[in-house]
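Trainee: Required output: the full structure, derived from the provided sequences and hints.
Residue numbers (this note's numbering), protein chains in the order written: chain A, 128 to 367; chain B, 826 to 1189.
Simulated from the structure, these hints should not be mistaken for lab results.
Because the structure is a prediction, the values reported are computed rather than measured.
Just so it is clear, CB atoms sit at the ideal spot from N, CA and C, and this is done for glycine as well.
Hints may be right or wrong, so weigh each one.
[What the hints assert, rightly or not] Calculated Cβ distances over 10 Å to all of chain B for the following chain A residues:
{"hint": "1", "residue": "129"}
{"hint": "2", "residue": "133"}
{"hint": "3", "residue": "137"}
{"hint": "4", "residue": "178"}
{"hint": "5", "residue": "247"}
{"hint": "6", "residue": "250"}
{"hint": "7", "residue": "266"}
{"hint": "8", "residue": "329"}
[Claimed, not checked] Computed from the model, here is a short list of chain B residues facing chain A with C-beta under 10 Å:
{"hint": "9", "residue": "857"}
{"hint": "10", "residue": "1001"}
{"hint": "11", "residue": "1103"}
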Amino acid sequence: MQPLLSQACSETFSMVAWSTLIAVAAGLPLGVLLVLTDRGGLLQNVVANKVIGQVVNVGRSMPFIILMVALMSFTRWVTGTTIGTTAAIVPLAIGGIPFFARLVETAVREVDNGLVEAVQAMGGNTWTIVRKVLVPEALPSLIASTTTTIIALIGYSAMAGTVGGGGLGDLAVRYGYQRFETQLMWITVAILAVVISLIQFAGDFAARSLHSRGGRSGPAPKLRALKAKEPEAADVTKVA
Amino acid sequence: MHAPVPGHTHARALDSDGIPVITTSGLTKVYRSRGRDVTALDGVDLHVREGEVYGVIGQSGAGKSSLIRCVNLLERPTSGTVSVAGQDLTALAGRGPRAGKELRRARSRIGMVFQHFNLLSSRTVQDNVELPLEILGTSGRERSRKALELLDLVGLADKAKAYPAQLSGGQKQRVGIARALAGDPKVLLSDEATSALDPETTRSILQLLRDLNRQLGLTVLLITHEMDVVKSVCDSAALMEKGRIVESGTVSELLATPGSELAAALFPVGGEATGADRTVLDVTFHGEAATQPVISQLSRTYNIDISILGAAIDTVGGLQIGRMRIELPGRYEDNVVPIGFLREQGLQIDVVGQEPVLVKEGAK
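Mentor: Encoded structure:
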């Protein structure tokens, strides 16, 4: 049982880690671009905005299991196979990109336009504004968005598991559902619950400590009821 | 009076033909929203001379914010030209909506402070001040040296490592000012810099602007809706209404202009006539005249009873000035001689409720 579990865990970890990495790397510029190209944005381009927006919307609302099947030939082209953990990373990443991009868009939109103006008045160009204002100022929200994305991708990875991706979802279905090994299934559930809580906690903590350093200019990331006590000013500076 | 030399100490008094640092001509800004045109600026000609503090005052919606934002082209004027320090910014801007390299370079030499400070919350105070230098491509060591020097100048040397969220409003604005000065600007634009501050803090920020103006020879263009701001720091002022400048000049010129709305607002005296057959005069004293006992002379010479309806002495733009609203018995026609007497004493007389034409000769 032990080797089964540890292998499943490492498969899930690798699927989620790689797909998150790709989703963040591609979703961040996409989300920023959505804000910049919007009406009144720094790179206003209504056509580009509509196109990107539409692609993101469709990608986001597509049920993951369908996306996965639909992307099979693309997956084969990229990885050479449609089965296994590596193959699962492709649809996971592609599903994660629009998901994260929308969250980035919301986070970046919250940045006070006055800051953008201040940097324009200093002679900064659009790239400077993105690098020094939009992304750093939205960072607490971006971290919260990443947490949400990781958790969503863990959910997707379980689905990917059922079609040969491996990982914890695959384990739970094969042993828990098909072979009635209830104990193993509950262990899987427990592991997932613990992992998700830990990720959420770490994400919240990081977002919050950045946020309380930044004060009221940044949007407040969603905080969970889990931790009732506000962080003290002292440990804020420590983190900062 | 001499024209101030760039980089030298500030010359307190300015003559009318100092070197213009900011000039706008025929500046017009029309906003289109839902098919309707809203004219925010309607042919504004502004001349700000080197080394002066110039205040533009007006109610909200008068277009002053559009005006200051057009000066560094954060807002593209619909027509008209803007030049700052001899450089025609409207020509640099080109056609496109984005700022080209040359415009950005010109902007880096124009400091700007904002009503809501606009400090980056993700950066420390020092890093905020370093930001313009990063944009200019200054090396790391030079940046931090300059930032600390500027923080010292605004009195916040001990807050370099703090985050903006840990500062009070006044301290944030000091950081904003330090940041605006990082690029060694000749011109500082202040967009309602004190409007979000309490009166005490407002005074200290204005004092700081005044000091910087004197020490660095910095030209300051500020917009405000508070008359007190103009009163305490400005050498010159302009009044904006509905996108136009309706009055402008040095503060002393304005105070010496009969019927000037700005002067009346800068230095209001209250009081209504007590009856129909009374003449109400606003008497403005400045300089020499302020020390003469003119009112008692008037009373003795013409044997008339004078009631004082309101009076104030104040410092406006660094000048001692007094204003008094007095009431003489009888109509204007009956008081032509005493009024003439007052004017002979070098006082500025505005007859309240009379056409300004009647007092034209008093404008001197």
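Trainee: Each hint needs a verdict: does it hold in this structure or not?
Mentor: Hints and how they fare:
no., hint, in the structure
1, 129, "45 Å, holds"
2, 133, "40 Å, holds"
3, 137, "35 Å, holds"
4, 178, "20 Å, holds"
5, 247, "6 Å, violated"
6, 250, "3 Å, violated"
7, 266, "6 Å, violated"
8, 329, "20 Å, holds"
9, 857, "13 Å, violated"
10, 1001, "8 Å, holds"
11, 1103, "53 Å, violated"
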